[in-house]
Amino acid sequence: MRGKKVFFIILLIVFSFINCCKNNNNSKNIRSLPNPDSLNEKSFKGFWGWENNDRSTSFRIKVYQQEDSVWGQYCAAAYSGNRMDCNFDVEYNIRGHIIEDTAKIEFYSFYGAKGGRAILKLINNNILLWKIIDSPSGGQVFAPPIARLHILKEK
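The numbering of the sequence shown is the working numbering, which starts it at 4 and goes up by one.
Source of the hints: derived by calculation from the structure; they are not laboratory data.
The reader is advised that the hints may include incorrect statements.
[Claimed, not checked] PhoX-like cross-link-like pairs, simulated, lysine-lysine; straight-line CA separation at most 25 Å:
#	residue 1	residue 2
1	Lys156	Lys48
2	Lys48	Lys65
3	Lys156	Lys134
None of these values were measured; they are calculated from a predicted model.
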């Protein structure tokens, strides 16, 4: 009985090896390998944060990325937390497109200001520069005009 088990295990390994080799010669699988150029692409994806020197103002962005599109949500705390430009539910208030290392985005605040435009510039894959180009109008916005964000660990 034990001899049959060993025989079937060896047989299974041999068939697996043969099948693996056949698939490696299949041109369909070669096309499905990642493009080596895409391995060097920069990623905006992540949870980014900034605090001013006296810690009375902070700014966090959760960014998602798919190909050349980005979207996400920010949370700006001002006046030592007395103003929270956030939505604690998931509501994406940032959307844009990436061109090289810069994302041109449109955003709105959670205090009713709409139509804002900003850039997100990725520096060395570990710093994200936020810069408002056109402030949103029709309400208040507590996002900083410019911030140098660092990648954070999600809690």
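Hint-by-hint comparison with the structure:
no.	hint	in the structure
1	Lys156 to Lys48	holds (12 Å)
2	Lys48 to Lys65	holds (8 Å)
3	Lys156 to Lys134	holds (22 Å)
Checked against the numbered hints listed earlier, the structure breaks none of them; every hint is satisfied.
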